[in-house]
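Enquirer: Taken in order, these protein sequences are the chains called A and B.
According to the numbering used here, the first sequence is numbered sequentially starting from 332.
According to the numbering used here, the second sequence is numbered sequentially starting from 17.
No wet-lab data here; the hints were simulated from the structure.
Take these hints with a grain of salt, some might be off.
Here are the simulated lysine-lysine pairs, BS3-like style, with alpha carbons at most 25 Å apart [claimed, not checked]:
hint : chain 1 : residue 1 : chain 2 : residue 2
1    : A       : 372       : B       : 84
2    : B       : 58        : A       : 372
3    : B       : 58        : A       : 351
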Amino acid sequence: GAVVSQHPSRVICKSGTSVKIECRSLDFQATTMFWYRQFPKQSLMLMATSNEGSKATYEQGVEKDKFLINHASLTLSTLTVTSAHPEDSSFYICSAREEDRFFTDTQYFGPGTRLTVL
Amino acid sequence: GENVEQHPSTLSVQEGDSAVIKCTYSDSASNYFPWYKQELGKRPQLIIDIRSNVGEKKDQRIAVTLNKTAKHFSLHITETQPEDSAVYFCAAGGSDSWGKLQFGAGTQVVVTP
């Protein structure tokens, strides 16, 4: 099956610093990737849709200047949490949409990044 | 937008019994319904999905049924095993060009030996 990697798996940073998270589709090209946030024992909350070669589309309530998304190639999307604060601590998961001739909606998830802001 | 409700929130079953999780959705334009299994601290794994042109799909011990008229779909796990213990999420999508999914709240399934 399709494989998605995410790096780093865990990061601890001081308040006010910026953190970059990478999401890669390893064996397929992904025009569209998605970024989710997941709180403990809760569901996946879609933050933004990342489109290769164009601006990301953010969900209502998500600050685009706070969560910068860049989708520079068909296999890489990055999420940068700028000026991180303790309330940004969470589990961030990306997914990549595998597109083929028939089924265009299948999303495969990365392993997630646990962000802790001190 | 789409709204997905999932029930129950927790489900305890005896090993060997069946487990059923139900979801309802609101957007009649949704046409893709995947189910994901997530173990603690790990990524969600796609276990089965169904598209609106079929009413049922089966893969070994797992099956999904879809009722488009009533806008609900269900996951059925038969002959449950301890390794089936996890959180299961349903999702609905396909109504937009990006393939966005709206997830249910999740069901914690515990299979006791």
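Enquirer: For which of the previously enumerated hints does the structure constitute a violation, in increasing order of number?
Expert: 1
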